[in-house]
Amino acid sequence: MSALTTIYVDNVVSHLPEDSRGDIAAEIKATIDDMVEDRLGDLEHPADEQTAAAEREVLEELGDPAQLSREYTNSPQHLIGPKSYPVFIWAIRWVLPLVAVAAAVTNSIAFIATNDEVQIGALIGQLVGNTIVALLTAFAAITIIFALGDKEMSGGAADKIAGTKKDWSVDQLRATDAKANQIRAEAVLNLIFLVLLALIPLIPTSLVYVGHLNNGETFINPDLESGWLLGYWAFLTLMAVIEVIKLVRSSTSAALIITGVVLDVAMAVFLTIALLTQQVLHPDLTSASGAEVQQIITVIAIWAIVIWDQISTWRAHRANR
Amino acid sequence: MNEDEEQALATHEQELRRGTVVFASLVACRQPQYGYSLLTTLTEAGIATEANTLYPLLRRLEKQGLLSAEWNTEQARPRKYYSVTTSGAEVAAALHSQWLELNTSITKLWKEGTP
Chain W
1 MSALTTIYVD
11 NVVSHLPEDS
21 RGDIAAEIKA
31 TIDDMVEDRL
41 GDLEHPADEQ
51 TAAAEREVLE
61 ELGDPAQLSR
71 EYTNSPQHLI
81 GPKSYPVFIW
91 AIRWVLPLVA
101 VAAAVTNSIA
111 FIATNDEVQI
121 GALIGQLVGN
131 TIVALLTAFA
141 AITIIFALGD
151 KEMSGGAADK
161 IAGTKKDWSV
171 DQLRATDAKA
181 NQIRAEAVLN
191 LIFLVLLALI
201 PLIPTSLVYV
211 GHLNNGETFI
221 NPDLESGWLL
231 GYWAFLTLMA
241 VIEVIKLVRS
251 STSAALIITG
261 VVLDVAMAVF
271 LTIALLTQQV
281 LHPDLTSASG
291 AEVQQIITVI
301 AIWAIVIWDQ
311 ISTWRAHRAN
321 R
Chain R
1 MNEDEEQALA
11 THEQELRRGT
21 VVFASLVACR
31 QPQYGYSLLT
41 TLTEAGIATE
51 ANTLYPLLRR
61 LEKQGLLSAE
71 WNTEQARPRK
81 YYSVTTSGAE
91 VAAALHSQWL
101 ELNTSITKLW
111 KEGTP
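Protein chains in written order, with UniProt numbering: chain W, 1 to 321; chain R, 1 to 115.
Hints in this document: simulated from the structure, not taken from any laboratory. There's no promise every hint is true.
[As the list claims (entries may be wrong)] To spell it out: a stretch of chain R is covered by chain W in this simulated footprint if at least three of its residues, at any positions, have a beta carbon under 8 Å from a beta carbon of chain W; those stretches are:
1. 29-37
2. 41-53
[What the hints assert, rightly or not] Calculated from the model, a selection of chain W residues having no Cβ within reach of chain R, i.e. all distances over 12 Å:
3. Val12
4. Ile32
5. Val58
6. Glu61
7. Tyr72
8. Thr277
This one's a predicted model, so the numbers in the text were calculated from it and none came from an experiment. Beta carbons: idealized from backbone N, C-alpha and C, even for Gly.
Same shape as in the complex, but just chain W (with noise of 0.2 Å):
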């Protein structure tokens, strides 16, 4: 079997029921190779431009693999479609736990940093509450995001209806490779976020309402010593390499999960030591009673997202294998 025809059942399939996917793509192959057959005729040692020219017929004839994969799901129109649908989950998937995690956070900073005597109750109920209303922000937020950009992509209710079977050709196949699509957009997430990761011990507390507390200085302590944050963007910069490898090959492997695993640990352990042995966020955003307690938030935080990140990363593996 081609590579083309591996493709066009990787995209019929990628947006299927996981336990259909196996059955379905085992009989799509087939078809392709009766259809094939068929139109190679008496031929019995066919060149292998025939061979080729008749599978692109086949695969025309078959269509736009969206439309094919829409057929057997069966779905009625989408508000985010089935292009980006996978991101979009993909999205949420990260996205959410991480928005919880860092209202978490920010907002014990400030509710320590603000209260002399802190009430494990009060801190809980305040916690509770904003991260609630800052996780449907997210939600609302990305699902607009996305359902915007899949009109614009899709361009409409239009083309569904029109028949998307005679505009389509083979050659758009690999410009629609569901895989490497998703592996080139969760490395351009991936890479926008260790962006912002690295922004972090510079940005000005201002930019978040606390400013007041430390004359708009960094959340970072600024006697801490600098081989730390050399460190920290050191390790960023890996990942970075790792995502950057990712988006050119539009493919991953198992030796870059693997790395991409061992840095993940390793930075977490580094974080764990960092914030453990010192000082780390800035002196007048702490208060002495809740230096202990934010400490201990920001390391669980670290490893929520750590062990969060590594059972996402293994379940869209084994997913798109």
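With the hints as your guide, set chain R onto chain W.
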């Protein structure tokens, strides 16, 4: 026929054919058929069908219990064979009766409406 009319005709034909293909597939699958053999059988019988419509349809009929499917791995190429089930055969018989009734009705209507 202008472009809009052609578009409208194409849509209505597609709807009409969709129902016909379900009925024709049930009838044809009284003998076990794999996807491409069914496609060829239907085309040769004058029921134009597209592969990208037929395969998802077969799967839906299988889910509804009207067709049963079995992989045959004994041949050089593994193929999924579909056969009509008992309830599928009953549905096909009922559809056949309705088809005949509809044919009578539409013929009568056509004659009455013809000046």
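Evaluation of the provided hints:
Figure legend: the region 29-37 of chain R, annotated as covered by chain W; annotation consistent (3 residues with Cβ-Cβ distances under 8 Å, at least 3 required). Requiring three or more residues with a Cβ within less than 8 Å of a Cβ of chain W, the coverage given for the region 41-53 of chain R holds, as 4 such residues are present. Under the 12 Å C-beta cut-off, the non-interface status given to W:Val12 relative to chain R is violated; the minimum distance is some 9 Å. Non-interface call for W:Ile32 relative to chain R: violated, since the shortest CB-CB distance, roughly 9 Å, does not exceed 12 Å.
With 12 Å as the threshold on Cβ separation, the claim that W:Val58 sits away from chain R is violated: the shortest Cβ distance comes to roughly 9 Å. The claim that W:Glu61 lies off the interface is violated: its Cβ sits roughly 7 Å from the closest Cβ of chain R, which falls inside the 12 Å cut-off. Annotated as non-interface, W:Tyr72 brings its C-beta within 12 Å of a C-beta of chain R; the closest such distance is 4 Å. The non-interface label for W:Thr277 is consistent with chain R: the shortest C-beta to C-beta separation is roughly 60 Å, beyond 12 Å.
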